Amino acid sequence: MHHKFSERGTVEYGEFKKSLTFLSNLLYKVYHNEPVILIDNYDKSLLNLYLKYGPNHESSLTLRKALEDLLKKSLKHNPRLRKAFITGVFPCAKYDLLSKIDVLDCNVFNPYFGRDFGLTEMEVFELVGHMATSKLEKIMDFYLGYAHGNQTKLANPYSIMNVLLSNGVVKPYWPSKEDVKVFNKALKIYYKHDYKTLMSGEAIPNIYLSQKLKLSEVIEPENLLEMLVYNGYLTAIPSQTKDVPLKRKMPGQNKNETVVTTITFHNVTIPNREILTAFHKIIRKENKEKLQNANEGEVKEE
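Residue numbers are given in the UniProt record's numbering: position 57 of the sequence shown equals residue 57, and the series is strictly consecutive.
Derived from the structure by calculation, the hints contain no laboratory data. Incorrect hints may appear among the rest.
Using 27 Å as the maximum straight-line C-alpha spacing, the simulated DSS-like pairs for lysine-lysine come out as follows [claimed, not checked]:
#1 K214 <-> K171
#2 K17 <-> K65
#3 K281 <-> K188
#4 K255 <-> K242
#5 K171 <-> K288
#6 K138 <-> K192
#7 K76 <-> K18
#8 K247 <-> K52
#9 K212 <-> K188
#10 K72 <-> K52
#11 K72 <-> K196
#12 K52 <-> K255
#13 K73 <-> K153
#14 K44 <-> K290
#15 K181 <-> K285
#16 K177 <-> K153
#17 K281 <-> K135
#18 K44 <-> K29
#19 K188 <-> K290
#20 K192 <-> K135
#21 K76 <-> K65
#22 K44 <-> K288
#23 K288 <-> K192
#24 K290 <-> K255
#25 K135 <-> K153
#26 K52 <-> K135
#27 K242 <-> K285
#28 K29 <-> K72
#29 K177 <-> K44
#30 K171 <-> K138
#31 K181 <-> K196
#32 K285 <-> K192
Remember, predicted model here, so these are calculated numbers, not experimental data.
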């Protein structure tokens, strides 16, 4: 396959979807061990197309089909695979691209994996505890705050690592300026009544998050808060549970039955000062631009 790619500069579709299986066979022949496949951010490129063109655009459909074929061939029909670890921006695997493959349900809402989605308060202390007390308090206040599973004080490892590399400089390291700009605009449009609440560091109370989104549903306005939770720009803390009657079709019959299911509501908030500071920077910049535009308009009128 490498020889063919070197000659043509491209790979045929049939070769592409078999590529990881082909590589697995080569590794097994050389090392006599079944390899472990690691796939990071498998959904990122598809999400970018969804956000830009929508889920039904030709580009989106083509990439989706390619990913489905590649992952199915590599993970389900690969005799040389030992195991695979797959991470994505959203836990959509069970309900979307990987629905035909047995996948462990591992996401930020699962209490069993809660502490694995960030550094605990004790872990942060072990890393930065040698710093001055005032600096330590500032770090704890600035970066802790994510709630995952049964953990309510977690920090983003990337930010803590950068604090260590910079000898204790506390500032926003992780948030993407472009993402914050887009998300800030979306929140103002679709959650204008709750926008000030979020930007003041308070929580929007009792929000229902389905935890069963499909990739194509992520871009819908009603799923914005859940999308931001998975992205790390918001965090969700369980607030209350409620028994809700649901109708479902009875197997093999043309009538429905009513079942009672318990759903959990969450208080949704910006997790910490790192993220809040990133949003406030964008807000200040936008306000400054508005003021400049207004002043320019007054000058022209004169």
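The hints, checked one at a time:
no., hint, in the structure
1, K214 <-> K171, "violated (34 Å)"
2, K17 <-> K65, "holds (10 Å)"
3, K281 <-> K188, "holds (15 Å)"
4, K255 <-> K242, "holds (26 Å)"
5, K171 <-> K288, "holds (21 Å)"
6, K138 <-> K192, "violated (31 Å)"
7, K76 <-> K18, "holds (12 Å)"
8, K247 <-> K52, "violated (36 Å)"
9, K212 <-> K188, "holds (25 Å)"
10, K72 <-> K52, "holds (26 Å)"
11, K72 <-> K196, "violated (44 Å)"
12, K52 <-> K255, "violated (42 Å)"
13, K73 <-> K153, "violated (40 Å)"
14, K44 <-> K290, "violated (33 Å)"
15, K181 <-> K285, "holds (10 Å)"
16, K177 <-> K153, "holds (24 Å)"
17, K281 <-> K135, "holds (22 Å)"
18, K44 <-> K29, "violated (32 Å)"
19, K188 <-> K290, "holds (16 Å)"
20, K192 <-> K135, "violated (36 Å)"
21, K76 <-> K65, "holds (16 Å)"
22, K44 <-> K288, "violated (33 Å)"
23, K288 <-> K192, "holds (20 Å)"
24, K290 <-> K255, "violated (58 Å)"
25, K135 <-> K153, "holds (18 Å)"
26, K52 <-> K135, "violated (42 Å)"
27, K242 <-> K285, "violated (42 Å)"
28, K29 <-> K72, "holds (22 Å)"
29, K177 <-> K44, "holds (17 Å)"
30, K171 <-> K138, "holds (10 Å)"
31, K181 <-> K196, "holds (16 Å)"
32, K285 <-> K192, "holds (19 Å)"
Comparing the model with each numbered hint stated earlier shows that hints 1, 6, 8, 11, 12, 13, 14, 18, 20, 22, 24, 26 and 27 do not hold.
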